[in-house]
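Q: Sequence:
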Amino acid sequence: MMKVPTTLRYGLRILVEMGKSYAQTPLPLKTIAQNQNLPVKYAEKIINLLLNAGLLISIRGKDGGYLLRLKPEKIKLIDVFEALTGKLYLVECVINPKICKRAAKCEARRLWQLLVKNWSELLTKITLRDLIAGGKNGIPREFGG
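Going by this note's numbering, the first residue of the sequence shown is number 34, and it counts up by one from there.
Calculated directly from the structure, the hints in this document are not laboratory data. Take the hints with a grain of salt, since some may be wrong.
Below, computed lysine to aspartate or glutamate pairings styled on DMTMM-like, alpha-carbon distance capped at 25 Å [as the list claims (entries may be wrong)]: (1) K158 x D112; (2) K107 x D163; (3) K120 x E140; (4) K104 x E125.
Computed from a prediction, not measured in an experiment: that's the story for all the values here.
Starting from the given sequences, assemble the full structure and let the hints guide the process.
A: Now the structure itself:
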């Protein structure tokens with residue numbers, strides 16, 4: 034069974050929370066952790082990945098915290114996935130064919146390439162705003178939700 038990493042699941046939840054209150058007051062780390070039922074250290078790890086990817090900004094000081102760097106409609110889910118999990122691929126030969134002697138003639142590799150291509154294209158089309166708008170029903174219907 035292929036599992037979505039918890040870092041990605043929690044990172045999306047954090048971004049949805051921040052997107053719902055976009056451009057309001059910064060959210061402190063402790064508040065984010067409490068709202069998501071996460072240990073502060075784990076929330077901090079996720080926040081740092083999002084900061085390093087340029088998806089968040091940090092506001093220092095007494096009333097500081099974190100804000101989205103861009104409007105939710107400008108944040109593509111592919112950028113979130115890659116910030117939290119690295120480059121999107123299912124098997125390593127998709128991005129590095131030199132590791133496998135069979136890569137050039139491997140029928141299965143073509144399947145992995147197709148899956149990654151379609152997955153990447155879908156995640157490039159869906160924004161954080163789309164995810165928020167989907168609410169309890171998941172992603173909007175135009176994306177197959």
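Q: Now tell me, hint by hint, if it's right for this structure.
A: Okay, the hints, checked on the actual structure:
The straight-line distance between the Cα atoms of K158 and D112 is roughly 11 Å, inside the 25 Å bound, and the hint therefore holds. Only pairs whose Cα atoms come within 25 Å are accepted, and K107 paired with D163 is accepted, the gap being roughly 10 Å. Only pairs whose Cα atoms come within 25 Å are accepted, and K120 paired with E140 is accepted, the gap being roughly 22 Å. For the hint pairing K104 with E125, the CA-to-CA distance comes to about 33 Å; that exceeds 25 Å, so the pair is violated.
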